[in-house]
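Q: Read off the chains here:
Protein chains: 2
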Amino acid sequence: MANFGFSRLAVVAPFEAHWREAKSAVGAEGLLKEAKCTERLAEAVADCTLVVGTGTLDRRKAEQRVVSLRDLGPRIGAELKRCGRVALVFGQEKRGLTRENLALCHLLATIPTDERQPSMNLGQAVAVCLYELARGESRPDTVQDPRAESATAGELELLAKLVAEAMAAANYSPAAMKKVNRHGVQLLLRRLHLNSHDARRVLGLFRRILWKLKV
Amino acid sequence: MANFGFSRLAVVAPFEAHWREAKSAVGAEGLLKEAKCTERLAEAVADCTLVVGTGTLDRRKAEQRVVSLRDLGPRIGAELKRCGRVALVFGQEKRGLTRENLALCHLLATIPTDERQPSMNLGQAVAVCLYELARGESRPDTVQDPRAESATAGELELLAKLVAEAMAAANYSPAAMKKVNRHGVQLLLRRLHLNSHDARRVLGLFRRILWKLKV
Chain A
1 MANFGFSRLA
11 VVAPFEAHWR
21 EAKSAVGAEG
31 LLKEAKCTER
41 LAEAVADCTL
51 VVGTGTLDRR
61 KAEQRVVSLR
71 DLGPRIGAEL
81 KRCGRVALVF
91 GQEKRGLTRE
101 NLALCHLLAT
111 IPTDERQPSM
121 NLGQAVAVCL
131 YELARGESRP
141 DTVQDPRAES
151 ATAGELELLA
161 KLVAEAMAAA
171 NYSPAAMKKV
181 NRHGVQLLLR
191 RLHLNSHDAR
201 RVLGLFRRIL
211 WKLKV
Chain B
1 MANFGFSRLA
11 VVAPFEAHWR
21 EAKSAVGAEG
31 LLKEAKCTER
41 LAEAVADCTL
51 VVGTGTLDRR
61 KAEQRVVSLR
71 DLGPRIGAEL
81 KRCGRVALVF
91 GQEKRGLTRE
101 NLALCHLLAT
111 IPTDERQPSM
121 NLGQAVAVCL
131 YELARGESRP
141 DTVQDPRAES
151 ATAGELELLA
161 KLVAEAMAAA
171 NYSPAAMKKV
181 NRHGVQLLLR
191 RLHLNSHDAR
201 RVLGLFRRIL
211 WKLKV
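Quick note, the sequences are listed as chains A and B, same order.
Note that the numbering used here has the first sequence beginning at 1, numbered continuously upward.
Note that the numbering used here has the second sequence beginning at 1, numbered continuously upward.
What the hints contain is simulated information worked out from the structure, not anything from laboratory work.
Please note that a few of the clues may not be correct.
No distinction is drawn between identical chains; accordingly, a pair holds when it is met within one copy or between any pair of copies.
Said to hold, decoys possible - Only pairs whose alpha carbons sit at most 30 angstroms apart, straight line, appear in this in silico DSSO-like list of lysine-lysine:
1. K94 to K33
2. K161 to K212
3. K23 to K94
4. K161 to K178
5. K36 to K81
6. K161 to K179
Given the sequences, and given the hints that come with them, work out the whole structure.
A: In structure tokens form, the structure reads like this:
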């Protein structure tokens with residue numbers, strides 16, 4: 001991270017003993033010392049407007065839009081240009097990101113690896129992604145996007161929660177489907193690319209619906 | 001290496017105990033098993049026509065042409081197009097490539113790292129370089145270079161040796177300067193980008209000169 005000028009690290013539910021003893025490379029001590037540590041990914045990315053998962057797609061089908069790493073720079077550049085905050089999310093070395101964590105991502109960026117050896121070492125995957133972002137094509141020449149600031153991951157999660165509650169309260173489908181529906185709503189909300197103003201409007205609407213359904 | 005489809009590894013003067021116990025990532029066992037192990041870098045790259053050193057230039061001034069990593073792809077692509085063989089050389093993690101090893105390189109490729117943290121982890125540096133080469137811009141659209149095949153590193157080293165011997169035999173400069181001159185000749189020969197035909201011609205010339213000087 002320090003090699004490519006990135007400084008904000010968040011660690012989600014680390015194995016306590018390892019995290020306590022984690023050592024940084026010489027010169028990058030501040031990065032670890034300032035790292036945010038949270039129990040869940042949703043907290044770590046709550047203030048972000050674009051959450052990008054990373055991984056290879058060897059065995060599963062992606063549920064969100066997939067971009068190749070080399071196309072990620074311009075997308076992130078556009079988001080930063082309208083003052084968004086971007087998170088790049090890496091999963092565990094062995095299993096990658098869980099389905100639950102992927103549901104919090106707007107996009108999935110894949111590193112174009114050889115199909116015979118798709119799975120990368122975590123540190124190397126991070127280095128390759130940050131190199132690509134620092135490579136200098138992250139500044140698109142397109143004109144400023146006229147949309148307002150994007151909704152944050154925190155707003156989207158709150159909205160997903162309210163929508164799921166509304167579904168349950170309205171007996172939208174059998175209780176057994178609750179988890180599946182919740183997951184579907186998470187994905188849907190991220191496909192929409194709501195801006196912050198819209199998100200607050202929809203939140204208000206669902207608060208109102210829930211209130212109605214429960215009286 | 002396996003992640004980005006590279007398969008020919010050579011290891012120079014490894015620390016014996018570590019090398020014996022080296023383990024590859026799952027799925028890349030062949031890479032280590034087939035690795036060439038040599039005592040000196042010159043042997044490892046003897047059959048190569050383009051030898052590229054890697055590193056950061058934080059404390060020293062380069063003695064050969066320096067290219068940024070993102071410009072390396074087209075250069076290597078051109079070499080491969082005229083059937084050359086390319087070596088990418090990485091130094092020890094702590095000290096990088098020695099001056100002696102750099103003298104065997106035609107080019108020095110630098111990874112554009114943050115100036116406050118220029119030194120990279122070796123595995124991450126390799127991953128970033130191979131990602132860049134696999135990234136897909138290594139196939140230049142330029143027409144086939146009309147020059148014959150480039151001289152190999154082995155031919156250049158033999159030539160450097162003969163030229164240095166000729167210098168000594170001709171009392172070109174004091175004996176104390178021998179090492180400095182040898183180094184200078186190594187660099188010079190690589191700047192010239194001799195093709196194989198030219199290299200053999202110059203070799204023949206210097207053999208002749210040496211023979212003359214020694215009779």
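Q: Indicate, hint by hint, whether the structure satisfies it.
A: These are the hints, each one checked on the structure:
1. K94 to K33: Result: close both inside a copy and across copies, 26 angstroms intra and 24 angstroms inter.
2. K161 to K212: Answer is within: at 16 angstroms inside a copy they meet the 30 angstroms cutoff, but 90 angstroms across does not.
3. K23 to K94: So K23 and K94 pass the 30 angstroms test inside a copy (21 angstroms) and across (17 angstroms) alike.
4. K161 to K178: For K161 and K178, the Cα distance is within 30 angstroms only inside one copy (11 angstroms; across copies 77 angstroms).
5. K36 to K81: Answer is within: at 25 angstroms inside a copy they meet the 30 angstroms cutoff, but 49 angstroms across does not.
6. K161 to K179: For K161 and K179, only the intra-copy Cα distance (11 angstroms) is at most 30 angstroms; the inter-copy one is 73 angstroms.
Violated hints are absent here; each numbered hint is respected by the structure.
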